[in-house]
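Asker: So you can see what is in the structure, the chains are spelled out below.
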Amino acid sequence: MVLDQLLVNVSYVDLALLLLIIGSWALLLRLRKERERTAQLAQEIAALAQQQKDLQEHFKQGSESLKEALKGILFDKTRALAQRVTELARGITEIRQRNEAILAEVEGKVEPVKDALSDSVAKFDASQEALRKMIRGTGEEVKRLTSILNAFSHELKQMKEFLRERSIDLEL
Amino acid sequence: MRESVVATIVFADLMDSTEMAKNLTLQGYDDMLVNFQSTLFEVVSHHLKQAGYVGNGVDAEWSVVGDELRVFLYSKEVRFDVRNAVLIATKVKLAWLISDFNQRILKEGRLVSRVGVGINCGDVMKGVRQWRVRMGQEQSNVEGYAINLTKRIESASREGTAYQIMVGDSLYRVSKENKQLNLAFGKPRSLVFKGLGQKIPVYEVISFINFEILPSMPESLQKGLLAKVEYAVNRPMPEPWIFVTLLRHYISLITAGDSGKLEGKAVKLARQALEVLDHNASIHNMLAWLYTYGKTVRNLEMAFFHLDQCLGMDPTNRAALLHRARILDEMGQVDLARHAYEEILVHEHDHPEAKKKVAQYIGL
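One line per chain: the protein sequences are A and B, in this order.
Just so it is clear: in the first sequence, position 12 is 12 by the working numbering, and no numbers are missing.
Just so it is clear: in the second sequence, position 122 is 122 by the working numbering, and no numbers are missing.
If you are wondering where the hints come from, they were derived from the structure by calculation, not from laboratory data.
It is possible that some hints are incorrect.
With a straight-line Cα cutoff of 25 Å, these simulated SDA-like cross-link-like pairs (lysine to any residue) come out [unchecked claim]:
1. K160/A x G257/B
2. K179/B x T86/A
3. K179/B x L163/A
4. K223/B x E171/A
5. K355/B x T296/B
6. K176/B x E171/A
7. K223/B x V334/B
8. K223/B x I200/B
9. K160/A x L226/B
The shape of chain A in the complex, shown without the other chains (with noise of 0.2 Å):
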């Protein structure tokens, strides 16, 4: 009754009015709950920041030592290895200085072989040549003989029949 008899006596400015004051102040309300939130932004981002900052110090001195402690075992690992490389490559060394000795040995066995293979095998090429040489020379010289002996036969052909014309040349 009372809202009633208020509504009744109130104005629609009244109303209106009474409507901005409330909206400033929920807007007011809001206003300060933002900054309120935005100043605890501010402070979980400083805080952060510190924490990456921690973080990063920390991971800087984490790489370092590890670079150091990597460092050692390289050096470590290299050493013997090296030392096993110059171990190897004098092994290798005196593999090759003993296998040079051997083939100089061998080289040295060989050659008169080598020499006795050649000559024989220039020896061979030389009669297979000759031996071409001859099977293609005999067929050509049969073939040249086959030719002069049917050149002969046909000579002699003509010469019995020019043999045979002029007796008759000599009976007419």
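For chain A, the structure is supplied; the task is to place chain B on it using the hints.
Answerer: Here is chain B on its own, set in the frame of chain A:
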């Protein structure tokens, strides 16, 4: 270098060429001349190569100037040169007879253009003239009395009646000594030639029996050769020498196994020749041969008749005497055959067949 060699010289030219030059147009005469010169080239170059002459002044040389052919053969074998000279002469005549020019004339029924030939042997000087060398022509020059004489002898060829191949006394003697050369000559004519001042004996070839003439013609002239010769011999007034050449060729074909119709054809041609030729001893001989050895025309009596005819004209004809002796032997006339063979030996002491037969008869 100049040297003296014994050369056999052949001169040949177109008979009545001046007359032809008058009657033909300039172009027509030149066409004929080109045809004649080409024919000479074909025949002479082919024959010299075939006979084995080196040419180019080594053992032979030849040239053609206008309508005149000059051939010099000096292989140092005079008999060989003589035989080749006569062969060249006959081949030239044959080649000109079957030439396009003469074939046209034959078809028109006119007298063919003939070639007159003079052949002789004699010493000539052979050498290269310096002025020729300077002209860039290094062929040798042949000069000598024998050449002038041969030229004169050749000019007498138009008076011939058989081969119109005239020869000088030197060649006649060489031919008589050469039994392998079946050449027969007419009676000698003593002619006075301009510039020679004395009578010179000249002989005409009246028979030259040689199997080589037709088959050894150049290949370029071989096509239709026999048919052309047969055509020429059957035209009016054929040249007498064609009969002997063609009959000899028929006999070659018959001996090679081509008898049958050819024997009859040969007999017919020989009979025709007897009517045409003045000197027909060789034709009688050929007829006797056909009647003796022919398969389809064999008739020994006819053979005997023709041999008698031949011997009547030439009593020493070796071929006729031989065939008569053979026929008598075959007929069993022993005494007559022996007599005939003995007669051969009178003329030719070393005749192998006659000697053998006479020995056989004595042994009987």
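Asker: Please go over all the hints and tell whether each is borne out by the structure.
Answerer: Now for the hints, and whether the structure bears them out:
no.: 1; hint: K160/A x G257/B; in the structure: holds (16 Å)
no.: 2; hint: K179/B x T86/A; in the structure: violated (115 Å)
no.: 3; hint: K179/B x L163/A; in the structure: holds (14 Å)
no.: 4; hint: K223/B x E171/A; in the structure: violated (30 Å)
no.: 5; hint: K355/B x T296/B; in the structure: violated (31 Å)
no.: 6; hint: K176/B x E171/A; in the structure: holds (16 Å)
no.: 7; hint: K223/B x V334/B; in the structure: violated (49 Å)
no.: 8; hint: K223/B x I200/B; in the structure: violated (41 Å)
no.: 9; hint: K160/A x L226/B; in the structure: holds (24 Å)
Hints 2, 4, 5, 7 and 8 from the list above are not met by this structure, while the remaining hints are.
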